[in-house]
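Peer 1: Taken in sequence, the protein lines are chains A and B. Residues in the first sequence are numbered from 1 upward in steps of one, following the working numbering. Residues in the second sequence are numbered from 532 upward in steps of one, following the working numbering.
Bear in mind the hints are in silico, worked out from the structure with no lab data behind them. Beta carbons: idealized from backbone N, C-alpha and C, even for Gly. A couple of the hints might just be wrong.
To be verified - One side of the interface only, derived from the structure: several residues of chain B facing chain A at Cβ under 7 Å: (1) Leu674; (2) Val795; (3) Arg796; (4) Arg800; (5) Gln801; (6) Lys805; (7) Glu839; (8) Arg843; (9) Ala852; (10) Leu855; (11) Ala856.
Stated by the list, open to error - Partial pick of chain A residues on the chain B-facing surface, computed with a CB cut under 7 Å: (12) Leu69; (13) Leu86; (14) Ile511.
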Amino acid sequence: MQRFAALLDGLLLTPSRNGKLVLIADYLRDTPDPDRGWALAALTGAVDFPAVKAGTVRSLMAERVDPVLWALSRDFVGDTAETASLLWPEPATPPTGPSPTLGEIVTALGSTTRSAAPGLLASLLDQLDTAGRYALIKFATGALRIGISARLAKVAFAQAFSVAVDEVEEYWHGQHPPYGPLFQWATGAAPPPRTDLLPLFRPFMLAHPLEDQAISLADYVAEWKWDGIRVQLVHVNGETRVYSRGGDEISASFPEIAAALPFPAVLDGELLVRGNQQGGEAGGAASFNALQQRLGRKTVSKAMLAEAPAFVRLYDVLIDEGEDLRGEPWTTRRGRLEALIPRLDPARFDLSETIAATDMDSLAAIRAGARDAAIEGVMLKHRASPYVAGRRSGLWYKWKREPLLVDCVLMYAQRGSGKRSSFYSDFTFGCWDGDPDAGAELLPVGKAYFGFTDEELKWLDRHVRQHTVAKFGPVRETDKSLVFEVAFDSVHASKRHKSGVAMRFPRINRIRQDKPAHEADRLDALLSMVT
Amino acid sequence: MAGCFTWIKAEPMGIRIVPADAWIDPSRAVERALVTHGHADHARGGHGQTIATPATLAIMGVRYGVAEGTVPADYHEPIILGGGVSATFLPAGHVLGSAQILLEYAGERVIVTGDYKRSPDPTCLPFAVTPCDLFITEATFGLPVFRHPPIADEIARLLAARAANPERCVLVGAYALGKAQRVIAELRAASWHEPIYLHGAMETMCRLYEEQGVQLGDLRSAAGVPKTELAGAIVICPPSALNDRWSRRLPDPLTAMASGWMRVRQRARQRGVKLPLVISDHADWDELTQTIAEVNPAETWITHGREEALLRWCELHQRRARALALSGYEDEDD
């Protein structure tokens, strides 16, 4: 338990992602089973002891601490587990012998009853120091809330045992704490766990950006790059699940999609909402903005289903009627996919058409002339490419359209985190809401924290410090004298922003020291690019 | 007679001694001030007359340029303030020169603690428990969650972190007056005799401590020292410099902070601290309650800090108490 407690404290005090990965990876390598599996379960939110609730801890404390002193302390500390760990009365006789292990704690808490739980928890707390008590309460109540995502824990697992994170993702599903088979596979002691009979997410195949590679359309096929969200549909044993890019299940947000796949398959495609922007008026899709309203919902109203119906534009098939096609070349998979399309409801599924272009020059012309600004660019897929997890060089490329550009004025800056922790590196910039010479004001239109070099960052940091006019906590307001050329992929109408627009992927393209602030762009310029 | 104390007034700008027309630790310039210790939230320049211990006066001379109208008050020597009031400065154990002030008038004894602690500190005299009728106590760490561990444990953690990171330096954020010198003295007591490097803001005060007889060993300025020389070293800076540009000159510093607030994880996290050291120059909860019990006054007034919890403790222990609302006292960096 002391080791797990030290891990939690380390994670809490380590802001950098890499630092956190190292801490978790070291822990997983150096800690024996089953403790490390239980720690992994805690980090990924998979621990639950029905007999122990947050209320169990509160009532334990109520028996030991005056309620007024408890309330004042809890209010100051801001965390029930930490407050309890600090206020727990040290036992009259200090504990002797080793503190309980995570495995022993799981055995004890897992077999207890709701009435016996408080006594058990109290006796465990008596055997631990402050940090151990904090970790025990966090662990037992199943709510770590220390800012570690399940994905981060899996990346750390992969790092610890030098295995591919996509394989970890694939084998993870269907495993239960303390993940014995997963550790056995990762340490080379056993083959990977079987996954073919479970409705599991398979890691996506991803694309590299096309830079100056020479590509022949004899080898590669071109498709539009649609601006929706990547989804995977998995149907096994009569059940369909919809997974998003990170492997999170989003079936509940898109019940009409989950209900529309009637046969066993694993399909890859772009989730879109019906509209008239991407791919023509009839059977086309709306902009990403329309789709955004459907994301992150636990339940969907009938009105929402009618107003913004979703569909999937399919571009690959991984498994067809139980047959794993991932090792087959793209052309074979494409043929199988096209054969599947007639079996699917056209209101819910269509096929991502390939683009007929003879060579890269003609493709470039088609790409530049794309009628729909909401299309992000084109995809280039090697005709012989198997379906492999992650980004493998030479197989798939994304060829994005040239970015849109706008000149904005730096308004606010905030210090970054990690290696940028002492630098002002997060910038909010604005455009004029009219003629600056006639008293127009700047309205914030976006925020960016990359696009510049380390040298430029130092220069920007100095500029911010020397041009600060006001401070609001960590934020500095600057004198609005510096112009940025901001690059972005697209811009959408947004009610959540005062300027009425929201950019996608804004980044600092150039620092325009040569340009006076009043010559920066006006909001009209951005509004004219709204899709 | 106990429970009257009408000659002592708690006003927003400080504690007023009415018959003597004098103030204790006033937050604005007054004709006549008694100053408990040299921290900026208690000691200010510009008073007509400043009465304080010689060490506190020396600190105020360096920090606030106080030179005129100073009246040194030696520990345990009563000073006649006039109007029938006498004042005696007693060691408070907070920082060098810090004092509690015992006021006597018409047979009533009142103690104003200023800031204090009960755990040992090699840089100043220990708190003197003294009986009185009214005890006016600080409450900076007046919550039961605050229990400062023995300082030797924290110093051992600091030295262990240093040893585990030979390529890096350990950068310790510590308040420039008191905390920094105490950390240095405790490091020396733990047999750390290597040079300790200082941020410029620390140097004057360390020199003053040495002049006052507190030995701090080999201290060097961190300015201009090459990174290679600072690998494996201990560097001390004010808390505000921990994450500032200043620290970029150091070899991948492991940031530590010596403060009673480090007991609470989120406080350490907000400060961006990797190695929180729970070291405080204030009394923790146990010391506050133990001191009230030992002094055993007829009445307790509680000021600057988390007054409510200590007030509640007094209520639970059938002690007469009230909370004062004094402004301007803050100790975010302790």
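Peer 1: Compare the structure with each hint and give your call.
Peer 2: Here's how the hints hold up against the structure:
1. Leu674: Cβ of Leu674/B sits 5 Å from chain A, so the hint holds.
2. Val795: At about 5 Å, which falls below the 7 Å cut-off, the nearest Cβ of chain A leaves the hint on Val795/B intact, so it holds.
3. Arg796: holds (6 Å)
4. Arg800: Given a least distance of 6 Å, the restraint on Arg800/B holds.
5. Gln801: Hint violated; Gln801/B Cβ to chain A Cβ min 11 Å, cut 7 Å.
6. Lys805: Since chain A brings a Cβ to about 5 Å from Lys805/B, closer than 7 Å, the hint holds.
7. Glu839: The hint holds - Glu839/B has a Cβ within 7 Å of chain A, the shortest such distance being about 6 Å.
8. Arg843: holds (5 Å)
9. Ala852: violated (14 Å)
10. Leu855: With Cβ-Cβ at 18 Å, over 7 Å, it is violated.
11. Ala856: Since the shortest Cβ distance to chain A is 17 Å, the answer is violated.
12. Leu69: Holds, because the Cβ-Cβ distance from Leu69/A to chain B comes to roughly 5 Å (cut-off 7 Å).
13. Leu86: With a closest approach of 4 Å, the Leu86/A hint holds.
14. Ile511: violated (20 Å)
Violated hints, in rising order: 5, 9, 10, 11, 14; the structure is consistent with all others.
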